[in-house]
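Peer 1: Here are the chains, one letter per residue:
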Amino acid sequence: MDNFKWTRKDLLSLYDLEAEEINYILDTAQEFKKVSQRNVKKVPALRGKTVVNFFVEPSTRTRMSFELAEQRLSADIININASSSSLKKGETLIDTARNIEALQADLIVMRHSAPGAQSLIAKNIRCGVLNAGDGAHSHPTQALLDLFTIREKKGSLKGLKVSVIGDILHSRVARSDVWGLIKLGAEVTFAGPATLVPKEFENIGVRVCHNLKDALIDADVVNLLRIQHERQKRGFFPSTNEYAKFFGLNEVSRQYLKPDALIMHPGPINRDVELDSAIADGTQSVILEQVTNGLAVRMAVLFLVAGCVEK
Amino acid sequence: MPAKKEVCNGSEVQAAITRVADAIISEFLSDNPREFAMIGLHRQGVPMAQRIIAELESRTGYRPELALLDISMYRDDIGMRKTLPIIHATTIPFDMNDTAVILVDDVLSSGRTIRAALDAVTDYGRPGLIRLAVLIDRGNREFPIRADYVGMKVDVSDDRKLVVEFNEINGQDGVYEIDWKKYRRGDH
Amino acid sequence: MKSEYILTGGKVVDPFRGIDKIMDIGVKDGKIISPSQIPDADKIDVSGKIVAPGFIDMHVHLRQPGNTAAETIATGTMAAAAGGFTAVVAMPNTSPAADTPGTIEYIKRHTARDGVVKVYPCGCMTKGIAGEEMAGIGSLKSAGVVAVSDDGRCIQRHQLMKHIVQYAKSFELPILDHCEEDGLKDKGVMHEGVWSTLLGMQGIPSASEELMVARDIIMARAIDWKIHLQHISCRESVERVRTARKRGIKITAEVTPHHLSLTDERIKKFDTNFKMNPPLRSEDDRRALLEGLADGTITVIATDHAPHTATAKLVEFDYAPFGIIGLETALPVCLTELYHGKILSISDFVAKFTKGPAEILGFSMNGLADGETADITVIDTEAEFTVDADKLRSKARNTPFKGKTFKGKAAATIVDGKIVFNEL
Chain A
1 MDNFKWTRKD LLSLYDLEAE EINYILDTAQ EFKKVSQRNV KKVPALRGKT
51 VVNFFVEPST RTRMSFELAE QRLSADIINI NASSSSLKKG ETLIDTARNI
101 EALQADLIVM RHSAPGAQSL IAKNIRCGVL NAGDGAHSHP TQALLDLFTI
151 REKKGSLKGL KVSVIGDILH SRVARSDVWG LIKLGAEVTF AGPATLVPKE
201 FENIGVRVCH NLKDALIDAD VVNLLRIQHE RQKRGFFPST NEYAKFFGLN
251 EVSRQYLKPD ALIMHPGPIN RDVELDSAIA DGTQSVILEQ VTNGLAVRMA
301 VLFLVAGCVE K
Chain B
312 MPAKKEVCNG SEVQAAITRV ADAIISEFLS DNPREFAMIG LHRQGVPMAQ
362 RIIAELESRT GYRPELALLD ISMYRDDIGM RKTLPIIHAT TIPFDMNDTA
412 VILVDDVLSS GRTIRAALDA VTDYGRPGLI RLAVLIDRGN REFPIRADYV
462 GMKVDVSDDR KLVVEFNEIN GQDGVYEIDW KKYRRGDH
Chain C
500 MKSEYILTGG KVVDPFRGID KIMDIGVKDG KIISPSQIPD ADKIDVSGKI
550 VAPGFIDMHV HLRQPGNTAA ETIATGTMAA AAGGFTAVVA MPNTSPAADT
600 PGTIEYIKRH TARDGVVKVY PCGCMTKGIA GEEMAGIGSL KSAGVVAVSD
650 DGRCIQRHQL MKHIVQYAKS FELPILDHCE EDGLKDKGVM HEGVWSTLLG
700 MQGIPSASEE LMVARDIIMA RAIDWKIHLQ HISCRESVER VRTARKRGIK
750 ITAEVTPHHL SLTDERIKKF DTNFKMNPPL RSEDDRRALL EGLADGTITV
800 IATDHAPHTA TAKLVEFDYA PFGIIGLETA LPVCLTELYH GKILSISDFV
850 AKFTKGPAEI LGFSMNGLAD GETADITVID TEAEFTVDAD KLRSKARNTP
900 FKGKTFKGKA AATIVDGKIV FNEL
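Residue numbers (this note's numbering), protein chains in the order written: chain A, 1 to 311; chain B, 312 to 499; chain C, 500 to 923.
Chain A extracted, bound-state conformation (with noise of 0.2 Å):
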């Protein structure tokens, strides 16, 4: 590890990566941790440098976290988001971004509805493009923080089982994760209604399974999707009380579950659709310590990638 050297001045897949990589994120993030428990918390690796939120589509929880971990490194920040940028008068994305780099910003954090938009930025400017969310594709900070907080509580991934329950079709959670727990040597199942849960995940070794219980009943980490309502309109599951009944984690299903296995959720939940309150809220949930953990991890991350400039 003492030779390792990262050479990435974006991130923007977890399949793009080397579990070598995720591990050394994984083990910044840990030091970056501590600073969030310190009296100051607040460092100033990334003093004088310019970070870009550009959220094409909107976010509450992914932004804040970028920008508090931004804060946190001292970084100064500018946040630009769809309804405020020049997108609804006709620019291309490519310019945006190329008046963004104009500016002499170092890295822009960027959401968007579009698959691989930010791969297109990335391809067309020099600074560093951290991806916060494009469309169902990927998410990878809150795939890494996901690992990060499954490595802390059960030391390490490999040889774990970990099941992903919900609209997987739709995730870019589903999508992040199962790259990062496929590389650390986890075992992934994704479970859910058939319409959710494409098959073709089996082409890269993950279990996919219709049926809760199988998926929940050897399971070490259980990591529940959030259940979007307007998927119901447009005829995925017949209504939100027939998922709950039949995919969600209740009070029926909960027997299935082992004694340690850990309760995940990226958040916002739907409680009482995917997740029953009590579980939500209950001794195996490490819901927040996703959420805090999540500000160490994007600090790490923007670490990593302004300490790179050269490719």
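Be aware that one or more of the hints could be misleading.
DSS-like, lysine-lysine: derived pairs with alpha carbons at most 30 Å apart [to be verified]:
no., chain 1, residue 1, chain 2, residue 2
1, A, K5, C, K768
2, A, K123, C, K894
3, C, K668, A, K123
4, A, K233, B, K472
Rather than coming from a laboratory, the hints here were simulated on the basis of the structure.
Guided by the hints, dock chains B and C onto chain A, whose structure is given.
Peer 2: Same frame as chain A, but now just chains B and C:
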């Protein structure tokens, strides 16, 4: 190929550590003994601090507490180096406030690392006193910083890098000079 | 330009007459003539080359009128000539759409002025390609269209489609259909499969194409008229066409060079030059298309040349328009993949670009027989061809083959006896 050239051997390194220990004993543990703690800067400041502590303990019976400090987050050259350092664990087992602390590092050169270390230390509290102990002072200062306890002075030109090795990490003690550019390229 | 000359020493491959041998071909006043009748004419040495009847690309978007920033009749036909095509069929989804004789007249007038190769206009099946009301198919025929199509879209109302097939049959106009069921396609941007699943992009299932292929086969059988399926892309379509043709149904199908050579995996870097409709599908689908070509299920290779400006393509993958250019890369890609890849003999290869389209379009031609129009494509099967985007004749640069090297290319293109492209 200008291979790495030995500047000091193992016994010279040990002698330098002893000189640092002598100076610390004379300030803190002689006529008017005072408590103090040590802060080893990752990486080579850590084994050096451990060596000093061992020597202090065997000679005086006093064992100062040891903090480990990584100053990567406080550097002023983020984005200017080709690669990032590995961040090692910072552990501070004592309350920094009003404590006398001795920063320990292997080589004092530009003074930038110590500048960063001072920022880091003061973010953890308000020490009563800060001293600096180094194995080697090689000159080439860029900041107005000096060491209180120096094991030895070494004269080398700007384009050479001094590398200190400790038995605990590298398997043997020694000081070497190598080509700075090659070091930066990671050929060492 | 010489009005008479003899192409000497080339290997003449003429699928219309089943000829595949080394012989000389004479040209005089725009017609093929026996070399013995023009003994004093200039000799053009084409030894080592293939001399074939002029290649027809029956699926091209010239973008004029309406989007001349992307392509014009002048640049598009220049690209066609450089690609070895002596004629193209121009799809009607221009702006305005080619749904009236006036627009057809416009295209013919501009072709007469700017065209480097022949342009056969195709008319719309429905007004404005809206899929709602039948276009004036009879008038379009009188204006000179060779077929009708709503390419780019597919008529979803089956009864309207039925009436159009019946009506077109009355005017002996073939139907060229883009098969796609809108509900299953939805907002899909790439093939629905492993890669769309991994990339989190909405997929276009093969079933969207297969449903309408099946619909068209039913129509062709029930109405007993020619329906040509444009750019089929998946195994299921090939299998349905194979079965239908065995039963004697008047169904034909074309495939594009890109569906024969590329798969959906290439989209993983989000390059919009790999975005087209129908989308690049799986390796299994690609294999099925090759099998379909080899066994005669698919009788035509056509490019679906679809120029877009760089600005239009340099956007998020979801927002980029579908389509890539293909005229100048078709022969290099297909010679490499099919001829050197030993999928097709040279004679079958030539037929997919000549006899195949001519039969569907009802062209009465007899290859390079004496007295025929001197539309000739000369091919160098061995020359290396590297795709240099800056040297393309097309106005557009949206090719997925940028920088790639292929084996084989057009060496000369002759239209009405005139050498319009010459790299001999």
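Peer 1: Run every hint past the structure and note whether it holds.
Peer 2: Evaluated hints:
| no. | hint | result |
| --- | --- | --- |
| 1 | K5/A x K768/C | holds (24 Å) |
| 2 | K123/A x K894/C | holds (24 Å) |
| 3 | K668/C x K123/A | violated (52 Å) |
| 4 | K233/A x K472/B | violated (67 Å) |
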